[in-house]
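Participant: Residues per chain, in single letters:
Number of protein chains: 2
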Amino acid sequence: MPGKTTKVDMEKIVSLCKRRGFIFPSSEIYGGLGSCWDYGQLGVELKRNVKDAWWRAVVQQRDDVVGIDASIMMHPQAWIASGHVEGFSDPLVECKVCHLRWRADELNGNSCPDCSGELTEPRLFNLMFKTFMGPVEDDASVVYLRPETAQGIFVNFDNVLTTSRKKLPFGIAQMGKSFRNEITTGNFIFRTREFEQMEIEYFVKQGSDEEWFNYWVKERFNWYLNLGIKRDNLRLREHGEEELAHYAKRCCDIDYFFPMGWAELEGIANRGDFDLIQHAKYSGKSLAYFDEGVGESYVPYVIEPSAGVDRSVLAFLIDAYDEELAEGEIRVVLRLHPQLAPIKVAILPLSRNEKLVPLAREVYSKLRSYFMTQYDDAQSIGRRYRRQDEIGTPFCVTIDFQSLEDNQVTIRERDSMSQIRLPIEEMVETLQDKLSGESFATQPLWTAKAVDALEE
Amino acid sequence: MPGKTTKVDMEKIVSLCKRRGFIFPSSEIYGGLGSCWDYGQLGVELKRNVKDAWWRAVVQQRDDVVGIDASIMMHPQAWIASGHVEGFSDPLVECKVCHLRWRADELNGNSCPDCSGELTEPRLFNLMFKTFMGPVEDDASVVYLRPETAQGIFVNFDNVLTTSRKKLPFGIAQMGKSFRNEITTGNFIFRTREFEQMEIEYFVKQGSDEEWFNYWVKERFNWYLNLGIKRDNLRLREHGEEELAHYAKRCCDIDYFFPMGWAELEGIANRGDFDLIQHAKYSGKSLAYFDEGVGESYVPYVIEPSAGVDRSVLAFLIDAYDEELAEGEIRVVLRLHPQLAPIKVAILPLSRNEKLVPLAREVYSKLRSYFMTQYDDAQSIGRRYRRQDEIGTPFCVTIDFQSLEDNQVTIRERDSMSQIRLPIEEMVETLQDKLSGESFATQPLWTAKAVDALEE
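Just so you know, the protein sequences line up as chains H and P, in that order. Here this note's numbering = 1-based position in the first sequence + 1082. Here this note's numbering = 1-based position in the second sequence + 1082.
A hint or two may mislead.
You can't tell identical chains apart in this list, so a pair holds if it fits in one copy or across any two.
Under the rule of at most 30 Å between Cα atoms (straight-line distance), these lysine-lysine pairs were calculated in the DSBU-like manner [as the list claims (entries may be wrong)]:
| hint | residue 1 | residue 2 |
| --- | --- | --- |
| 1 | Lys1100 | Lys1133 |
| 2 | Lys1133 | Lys1448 |
| 3 | Lys1363 | Lys1133 |
| 4 | Lys1516 | Lys1133 |
| 5 | Lys1287 | Lys1100 |
| 6 | Lys1300 | Lys1448 |
| 7 | Lys1133 | Lys1248 |
| 8 | Lys1248 | Lys1516 |
| 9 | Lys1248 | Lys1437 |
| 10 | Lys1212 | Lys1259 |
| 11 | Lys1363 | Lys1248 |
| 12 | Lys1448 | Lys1516 |
| 13 | Lys1100 | Lys1259 |
| 14 | Lys1248 | Lys1100 |
| 15 | Lys1094 | Lys1312 |
| 16 | Lys1516 | Lys1287 |
No lab work stands behind these hints: they were computed from the structure. Since this is a predicted model, take the numbers as computed values, not measurements.
With the hints as extra help, turn the sequences into a complete structure.
Facilitator: This is the structure we're talking about:
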């Protein structure tokens, strides 16, 4: 249902996430830790589902992309080659009165936004977290926590190419934690110092790069649509000349309309041959590709679709949030795509009656081999439906006294609240069909042939 | 086939892993980084499968365990409460001649194992990596990279308990990266400074803790057996009094017979109420549980099954490795459990003949929605079978000229090399059945009622 959006503010989402076990402040019993968050019992499932959906779309379903999982700590030389040691920094200013610190490039005026005090001159502050490997803390033992997963792909380019025997165009995908010592963080899990990325580096021959850039913008835009994000809440934003990194030929963001405004979910960049050339130069290893088709070697161009896991999770949560009037009261429902819902099926015996319980437990143990399920027998059936609605469970299976006689159960659908009754032996297959997502309302995918027809 | 083990040395495994894209040295183009490793295109799938199998067994299939995913950076106070700041250290000595560093407790003699030089007095070296959050590098901004995932569970105990409305006994499971600045590392991915854990903290009432300890030892031992690790290559090892941490009531390791000898895969510990009491003390928050059944509050005891992801991956690789004489030559085959195999099905057209290719691609695109698949049309069919054997692919689907006429394909099984022919429309279901693992040889599970009957 594109366009139909319940206005929701961030506080409501933060509160739901805390109350129902999606996301907690990190180390909350100690007062929390600046902008770090922990995924609770439902959040961890939602995040796993987002990552699995991505992996399925970009690795499993494709012939031309393989995955890797590189370590967070990399050789320090890699970060010199990539330009991060020299240039990955923000201009930091400090208020001379209240000592709060700010990013100079985010301030409009010259005085402290908090107390109007005078600010220091800006100094460049490198955003990489550093630590020391081994027992001596000196320059020789410095290692960085990776600020992006991308470089782990570039340094493995040759190993993957050789051992997978792939031909261009081909890509390498990776998910994993990255760390940036941001001066200012905020908006819940939107910008945090520890975060998770889903990145693809797609290697192509120069000349075909513009075509592949357009292909990936469309592909990634449609991934969000396919998983239910409403069309009206997504936009493409092309970077202007002045905004492009010096090595980037082109960059386009997929933005989501968050409560605080439009902000980036994913960036697709044409990085040219910058990264491979830098690593070849600093490592002394050739990172050229021998193209058997044309009988020549060249350094590939790279198209990089780079997405944030946490901000995707946040966008899916916000987009799914809905309130409606049902049976005289406000029904809060998370209309999550069934592929993303943390719990797929809830098993609800009508009561804790001793005759009902054995059948309900039997149905439960049967279903949980197939789906992430939850057994709930506390309070009225109406309350339990509402609880499942609020965490986005697509289906509730109810076992009542009639079930004991006819061996049938009732399946209640989250979005329409409609109910069907069916034999227990047909339950698994019916739920599998319904959960495949095909029965959920889909919206037209984005079919623009070229991103030149950029929309706003 | 318990007991039937091909003797394999570590070099062979390391070489196979590098050659076929399971595991590469991290940042290899820069000469590698001390004991860090990157998972390549096959290794990443194997590791994902190990983690998914664990999550399925301990979270999805259970009523009494939920998952979380806490951040790597935690409030520094948590590490004071846990005892890591004070006590998580090894005795470090340095050779006065060659300056190599060693763990004093691992040396038998008094002189350097490398050059026989004299050693310094031991000093305690804390194994936690530290870094600085925010722009100022001072004591107030120190944060640690977690040396274990367990503490992320303890600090979230109350939040999870409240929001999940679970009753004791119940557990919280977590997978994720941990970091230890080990003085000595080695044995490939067995001991590394950056590694991944799979940990459960299972909360019980004091008095039932011994029973639950025994339960979890058996449960976890059987998990490895279920996934094909040979019985003879596993043992239980009870920790002696002198080996127990001061807070531990009991600890038992599940060891695997690695090429370097018996070594720990997983430890199951009875941690008593130490952790929750410490965090309650340092945070000032009550971490007691109100037991409605008996109408009293108490701090639960904790049983902790703590496994290493990377060393599990290594054990599965080593255990699956086999060489046999087949058709006059040595056949290398990874007899991985189908649930763990990186590629489930390979699609092999008999040749690149233009008539065969469309049907082969059709079969491929049909299968890859269901399974992780690989399309391989390079070199002879025999060579391709060998390649798939070596990476552990349970099934190869061959498309030949006959297929064009009868719409049937040949499925070749990895372990027996037997072949069956069947209609294309039956292919998905047949493979699903076979891959469920039920058709694979299983071994008797470990049924000892009490771990008191410890075996050696």
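Participant: With reference to the structure, classify each hint as holding or not holding.
Facilitator: Going through the hints against the structure:
Taking the closest pair of Cα atoms, Lys1100 and Lys1133 come within 30 Å of each other both inside a single copy (21 Å) and across two copies (26 Å). When the C-alpha separation of Lys1133 and Lys1448 is checked against a cutoff of 30 Å, the pair qualifies both within a copy, at 26 Å, and between copies, at 23 Å. Neither within a single protomer nor between protomers do Lys1363 and Lys1133 lie at most 30 Å apart by alpha-carbon distance, with minima of 34 Å and 37 Å respectively. When the C-alpha separation of Lys1516 and Lys1133 is checked against a cutoff of 30 Å, the pair qualifies both within a copy, at 21 Å, and between copies, at 27 Å.
For the homomeric pair Lys1287 and Lys1100, the shortest alpha-carbon distance between copies (27 Å) is at most 30 Å, but the shortest distance inside one copy (48 Å) is not. For the identical chains of this complex, Lys1300 and Lys1448 are inter-copy neighbours only, at 23 Å across copies versus 40 Å inside a copy, given an alpha-carbon limit of 30 Å. Both within a single protomer and between protomers do Lys1133 and Lys1248 lie at most 30 Å apart by alpha-carbon distance, with minima of 24 Å and 27 Å respectively. Taking the shortest alpha-carbon separations for Lys1248 and Lys1516, only the inter-copy value of 29 Å comes in at or below 30 Å, while the best intra-copy value is 37 Å.
For a Cα distance limit of 30 Å, the shortest separation of Lys1248 from Lys1437 across copies, 23 Å, qualifies, whereas the shortest one inside one copy, 60 Å, does not. For the homomeric pair Lys1212 and Lys1259, the shortest alpha-carbon distances inside one copy (15 Å) and between copies (17 Å) are both at most 30 Å. In this assembly of identical chains, Lys1363 and Lys1248 lie within 30 Å of each other by CA distance solely inside one copy; the values are 24 Å within and 57 Å between copies. In this assembly of identical chains, Lys1448 and Lys1516 lie within 30 Å of each other by CA distance both inside one copy and across copies; the values are 17 Å within and 20 Å between.
Proximity of Lys1100 to Lys1259 under the C-alpha cut-off of 30 Å is found in both arrangements, the shortest distances being 22 Å within a copy and 24 Å between copies. For the homomeric pair Lys1248 and Lys1100, the shortest alpha-carbon distance between copies (16 Å) is at most 30 Å, but the shortest distance inside one copy (45 Å) is not. For the homomeric pair Lys1094 and Lys1312, the shortest alpha-carbon distance inside one copy (19 Å) is at most 30 Å, but the shortest distance between copies (52 Å) is not. Proximity of Lys1516 to Lys1287 under the C-alpha cut-off of 30 Å is found in neither arrangement, the shortest distances being 42 Å within a copy and 41 Å between copies.
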